Amino acid sequence: EAGVAQSPRYKIIEKRQSVAFWCNPISGHATLYWYQQILGQGPKLLIQFQNNGVVDDSQLPKDRFSAERLKGVDSTLKIQPAKLEDSAVYLCASSSSGTSGSYEQYFGPGTRLTVT
Amino acid sequence: AQSVSQHNHHVILSEAASLELGCNYSYGGTVNLFWYVQYPGQHLQLLLKYFSGDPLVKGIKGFEAEFIKSKFSFNLRKPSVQWSDTAEYFCAVITTGGFKTIFGAGTRLFVKA
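Those protein sequence lines, which keep their order, are chains F and W. Residue numbers for the first sequence, in my numbering: 16 to 131. Residue numbers for the second sequence, in my numbering: -6 to 106.
Same shape as in the complex, but just chain F:
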């Protein structure tokens, strides 16, 4: 079974530039998550999709961050414009849904973003 794929793995941009990250979840997984992990901290959930719909985006800075999941499969996360404090690893995870015990999340390798 293929895992969660993310690209790019690394990205360096200047502040005020824009950047986009891509995630392809495990086939058949209805739920997709984007996390931000700042150095020395645990992952912080930015947004959670259930198929095409957003379940939780309460911690997404909507003035600069946006995410979409077209057709309920892969997803993109965008930052525009980037700030220095956005430097972090952006993790994508997916899980199946509906039945008890199915909230186990499978994580991708992450994208390490450096904003200079």
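There may be inaccurate statements among the hints.
[Stated by the list, open to error] Derived pair list, reagent style BS3-like, types lysine-lysine, alpha-carbon separation capped at 30 angstroms: (1) F/K59 with W/K42; (2) W/K64 with F/K26; (3) F/K30 with F/K59.
Quick caveat, the hints were computed from the structure, so don't treat them as lab data. All values reported here derive from a predicted model rather than from experimental measurement.
Please arrange chain W on chain F, whose structure you already have, making use of the hints.
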């Protein structure tokens, strides 16, 4: 607000020592509990999970965790650590319904050979 606290940010042990990593959460409702591990250079991966039933759960590589509802705790244990257990360990809580996922800050474990 819901939160997850991991008491130790860095732990250094010698091989064969026993391990216990603390995790406490604040949430009044029903939760699902997880421990994830991230080995150097690898993805986050599931170590063990608790949904219901026996509060003592066993995971991979000899790890176990005990859910104590009255203490809102889910501590991770291993009787004898190995050098290969060197990694970062994260406790996570998912509220029933899967609508809120909260991770702790992580504990970095270093095992001396």
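To see whether the hints hold, each was checked on the structure:
no., hint, verdict
1, F/K59 with W/K42, "holds, 19 angstroms"
2, W/K64 with F/K26, "violated, 42 angstroms"
3, F/K30 with F/K59, "holds, 22 angstroms"
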